[in-house]
Amino acid sequence: MFEKALKGNKYYWMWLAFLGFFIAVGVVSYLRQYYVGLTLTGMTRDVSWGLYIAQFTFLVGVAAGGVMLVLPYYIHNFKAFGRITILGEFLAIASLLMCMMFIMVDLGQPLRALNVILHPTPHSMLFWDMCVLWGYLILNALCGWVILTAERKQVAPPKWIYFFVYLSIPFAFSIHTVTAMLYCGLPGRHFWLSAIVAPRFLASAFAAGPALIVVMALILKRVANFDAGKEAIDKMVTIITYAAITNVFFLSLEFFVGYYSDIPGHQHSLQYLFFGLEHHGHVYNNLVPFMWGFVILFLVGISLITHPYTRRKSDLWLGIGCASIFTAFWLDKGIGFVLAGFLPTPIHEIVEYYPNINEIFVTLGVWATGFFILTVLYKIALGVEHEIEA
Amino acid sequence: MDTNRRNFLKVAGISTLAGLGGTTIVNRLIAGVDEAHAAAAAGAEMEQKAAETIRYGLVIDIKKFQQDPSLGEKAVNACHQIHNVPKFPEKRDEIKWIWMTHFENAFAESPNLYQDEANQTHLLPILCNHCDNPPCVRVCPTKATYRYEDGIVGMDYHRCIGCRFCMAACPYGSRSFNWRDPRPFIENINRDYPARTRGVVEKCNFCVERVQAGLQPACVEAVGDSKALVFGNLKDPNSEIRQILKEKQTIQRNPSLGTIPSVFYIV
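Line by line, the protein sequences are chains A and B. In terms of the working numbering, the first sequence is residues 906 to 1295. In terms of the working numbering, the second sequence is residues 674 to 940.
The following block holds chain B by itself, in its conformation from the complex (with noise of 0.2 Å):
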């Protein structure tokens, strides 16, 4: 008798889940994934206008930067600040996004033994750039660094499992990664960009938040009327970046490599 009672509770319980629940689930599941496709289908056309329409580029001045020293520290601050990057006392656990070098640094795969005056003795600004086959995309196990279609190379640092093998792929030295907790050595925090936790890669991200808001990079709008550095659209023939690249003559980082950097720099 108990045993049967129980096993009518059992399959009027199971039924009643199926007829309530298993309906609502179902029907969830249905609309939810038209959603998806719904959601998917627009995006991907987006992102295939983006890659088709978009690149953004970057071009970099050196005799600017040669002429107003001031320029590349303005640059280097204003991205720091923005996006939250840590000062450690320490050199060893250094993290930066955009810094000024020498020439024979930036590009050490051109060496010249009877260098300018003006190069050896000035500084140029470094930092990600952003390629079009970018080679810690292709190596990162997760997918926590990725290329927008636009042409940014981001990270996710949610995603990162801080393996650095990206940064052994980076042939711009680009990437640093946290490796103490970097928020006590921020100075100002900016609210509007996370902070980083420790154990992930970072790098410069081209202001992909400011740029999708309608805004220059930090270090674009830091530099201000100069024209030190001119972002812009490299798909675009009309924009002012690509009207530079014609008029002047441009060099990129370590080109052989076939990474086809975004950024380019007039001598």
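The shape of chain A in the complex, shown without the other chains (with noise of 0.2 Å):
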């Protein structure tokens, strides 16, 4: 099926070429961190994760997110999902692919990785992430291509492949919950050790996920001549509506949490990131503007995919509320969470982490060859569906 990959307008190559040169910059990038080392990011002993992990964390979410499609359909037997439960799917290994690239490119000694398997250490969440992430991933390729392949000679997919389908829906919700536990078991680090940490994940993965997907399937309703349907479009909305909420509701609760009970290691991260953390008579306050970007872009997003004017008459307004929530999200999870977790350093001084420029090449690197990868299973999928049409 990968033929259909090779086929395309001069937009799509336009695209691919574009994406193809943000690779090269990444590419050149990494190795110059590979061989002077991760002192080319702005993390320090202080802040010893950054945009890379947060990342990671990000599109772990996005990943889990396909879910929404694949569950509806599957367990549900909600029809109008058919034809896009594969662009979940497709999604999903993208994003996981991202995924495995930004923890390699965030590891000190990248060619020891493998001491992971050689080396297995069950007691670490890192372990079991490295686990479910891989099993997620194999699943996605698997009941996507073997679907896809069925779908195409026309023929109902092999009776096995359904076990391996309902496999994946917990493996979804287990990508995401370990990922969660990767930051929630660790004492000392007061804004990660909360319970609520990996039901908030899931909310915003089910919110993001879905956002990105109504999005392409806007575009690809533009581009490629494919329409999801307005049914499908309309029910992943309501998801990403609740979804959305439900993580902005469980952040509320962290709010509470801190501040009413007043004690000043459940506030520190929060007040850091949304006021400003004085310390010494100094104010830090570099993620500020960020979280309140967080803030605007949901409330611009939920307004805009709620109200049904902006909702179901207008795929331009639907995008933008989509895409508000999806870089709410971002800016949420895939910035402040885990900057903020360090905040402040368990002697109590504050360090704060500012990316380098190569750093953000690398990390642009990253999220180019995800799309482009996401891009080419796109074309195959749709290639598949305009054959059958035709």
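Just so you know, these hints were derived from the structure itself, not from any lab. Nothing here was measured: the structure is a model prediction, and the numbers come from that model. From the three backbone atoms N, C-alpha and C, an ideal C-beta is built for every residue, glycine too. Careful, some of the hints might be misleading.
[To be verified] So, partial list: chain B residues that the calculated Cβ filter (under 7 Å) puts toward chain A:
| hint | residue |
| --- | --- |
| 1 | D766 |
| 2 | A781 |
| 3 | N792 |
| 4 | L796 |
| 5 | V812 |
| 6 | Y821 |
| 7 | Y830 |
| 8 | R832 |
| 9 | C836 |
| 10 | P844 |
| 11 | S849 |
| 12 | R853 |
| 13 | R871 |
| 14 | G872 |
[Claimed, not checked] Here are the simulated distance ranges between beta carbons:
| hint | chain 1 | residue 1 | chain 2 | residue 2 | range |
| --- | --- | --- | --- | --- | --- |
| 15 | A | Y1165 | B | Q889 | 46 to 54 Å |
| 16 | B | E920 | A | Y1259 | 48 to 56 Å |
| 17 | A | L1204 | B | K921 | 52 to 60 Å |
| 18 | A | S1166 | B | Q922 | 24 to 32 Å |
| 19 | B | T923 | A | I1022 | 38 to 46 Å |
| 20 | B | G827 | A | S1166 | 32 to 40 Å |
[Stated by the list, open to error] Covered stretches of chain A, as calculated for chain B (at least 3 residues, CB under 8 Å):
| hint | region |
| --- | --- |
| 21 | 934-946 |
| 22 | 1025-1032 |
| 23 | 1039-1052 |
| 24 | 1090-1096 |
| 25 | 1153-1160 |
| 26 | 1248-1260 |
Put the two chains together into one complex; each comes in its own frame, and the hints tell you how they fit.
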């Protein structure tokens, strides 16, 4: 089926070339980092995870979000999702590959990565994260490919594949739960040490993932002559609405616990993120604009996807609404959550993190690689759809 | 004819290999397994014994560091010199095993609006606490950081993949990462201890290499007879460190987290 990715109009190739440019920049920047060291990032011994791990965390959510198509279609037999579940599965594949690339570029000794398998350590959550991420990647690749092949031949998919389809559902939940457990099991990091991190991750994932799929579907409708169908889009928007509100509700619970209990450790990171943290006469607030960006984009997005006019009458406004939700939750999880957890440091100093330009190029390169893979996969999926229709 | 001959040669060759090499390999495997078993059994026994009888700890007398502020510098320099800890021009690359800080930083979880003057102005050393229940060991995905049976938390610089999960997990901020190649920044290299490569985590190892050779940790040796630092076996009720713990009231850093540190402070 790969041949479908090799035929396209000039816009397809221009888009791939555009992504290719950023991939090349990313590769060069990564090689610099590989030979010089992670000193070419903004990370320090105090903020020891930065943009890379934050992107990883966010993208695990995007990957898990695909299950919001798979679950209604296969468990509840919601037929309208039939045409687009493949979009969810392929998005999961691209996101998971990005996750793995972000982990690899973050490692100090990437060539030793196999040590995680050679010396398996079940008491480390990172070991389990590797297991579920690989498991979910393989399941999605297998299910997506087998079902698409069957569709192309216009036969029913083989029965055995349903075992793996159903298995992929708990796996989707597990990848983000285990990713949350990387954070919420660490003593002494108050912001992360919260039982609501995993549910909050899932809620944000089930909004951000489908939001990206809706944006993709609306773009594909214009550029690739592929209509996901009004009913499918509408249902997804409902899912996004509830998940997005749930995420913000969970966040507000964190605010309540921190500010009502008035325990400093529970407030510091929230204070730093949203208002700026005062320490020895200096106010540290470099993430405040991002977090208010998150709040505003969430409010804009949720208004656009719930108001009947913008939701049902205008693809453009719906697209902007979903893109706002996606961006808002990226700011929340792909920037704020990871960085703020390191503040204040265990010895109550404040060290702010500013990404290095090289690090930003590597990050853009990984995103571009992910979208490159996604474009190729979607091209294949739509090629098959069009072939059947013809 | 040709095929037959080739088949004959194949069979002959394989039988020879099986006859000669095969038995040797099998024998060697058996011998190896026996040896390994014996070694493992002996090792396990020794470790078991160590676990029952040894747990290394350190008592830090804050008053003595206040009376003689040069002690801190001596301890830090001795440690960093012996362990090839580099000095980087930029703070962002910083690596430290033991360093001097304020009371309010070391004991940030017990803030005091009316802190006594001595503790406001003077510094005290902090280092890895060599916890009984170390979160860094729990999270490490490769067992590159581990706890010896004598209580020392060690690092395998050759296994560490540099994921820095241990740095996020350590509630004492005791761990550092080699953001760049440290070797050009080591002032006087000590050839008896490995220098690290870029991309791995490191921290205080309680001078495990010296302790196992019967020496005191470098920082303890550096402060000399001041008794500002006293190192010893916490499981030996007659040890000097236990006598001190019996006589003086001590505190530990962030004890509520349940990590059970092996480092005690006399206030």
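Cross-check of the supplied hints:
1. D766: holds (6 Å)
2. A781: It holds, given that the least Cβ distance between B:A781 and chain A is near 4 Å, below 7 Å.
3. N792: violated (15 Å)
4. L796: violated (12 Å)
5. V812: holds (5 Å)
6. Y821: violated (17 Å)
7. Y830: violated (10 Å)
8. R832: B:R832 check passes; min Cβ-Cβ to chain A is 6 Å, inside 7 Å.
9. C836: Where the cut-off is 7 Å and the nearest Cβ of chain A is about 6 Å from B:C836, the hint holds.
10. P844: Interface hint status for B:P844: holds (3 Å vs cutoff 7 Å).
11. S849: holds (5 Å)
12. R853: holds (4 Å)
13. R871: This interface hint holds because 4 Å falls under the 7 Å limit.
14. G872: This hint holds: B:G872 lies near chain A, its Cβ roughly 3 Å from the closest one there, short of 7 Å.
15. A:Y1165 with B:Q889: 46 to 54 Å: holds (50 Å)
16. B:E920 with A:Y1259: 48 to 56 Å: holds (49 Å)
17. A:L1204 with B:K921: 52 to 60 Å: For B:K921 against A:L1204, whose Cβ atoms are near 58 Å apart, the range 52 to 60 Å holds.
18. A:S1166 with B:Q922: 24 to 32 Å: Between A:S1166 and B:Q922, where Cβ atoms are some 30 Å apart, the hint holds.
19. B:T923 with A:I1022: 38 to 46 Å: Taking Cβ atoms as reference, B:T923 and A:I1022 lie about 43 Å apart, which means the hint holds.
20. B:G827 with A:S1166: 32 to 40 Å: holds (38 Å)
21. 934-946: holds (count 5)
22. 1025-1032: Result for this restraint: holds, n = 6.
23. 1039-1052: Violated - the region 1039-1052 of chain A has 0 residues with a Cβ nearer than 8 Å to chain B, which falls short of three.
24. 1090-1096: holds (count 5)
25. 1153-1160: violated (count 0)
26. 1248-1260: Per the Cβ count (6), the hint holds.
Violated hints for the displayed structure, listed by number in ascending order: 3, 4, 6, 7, 23 and 25.
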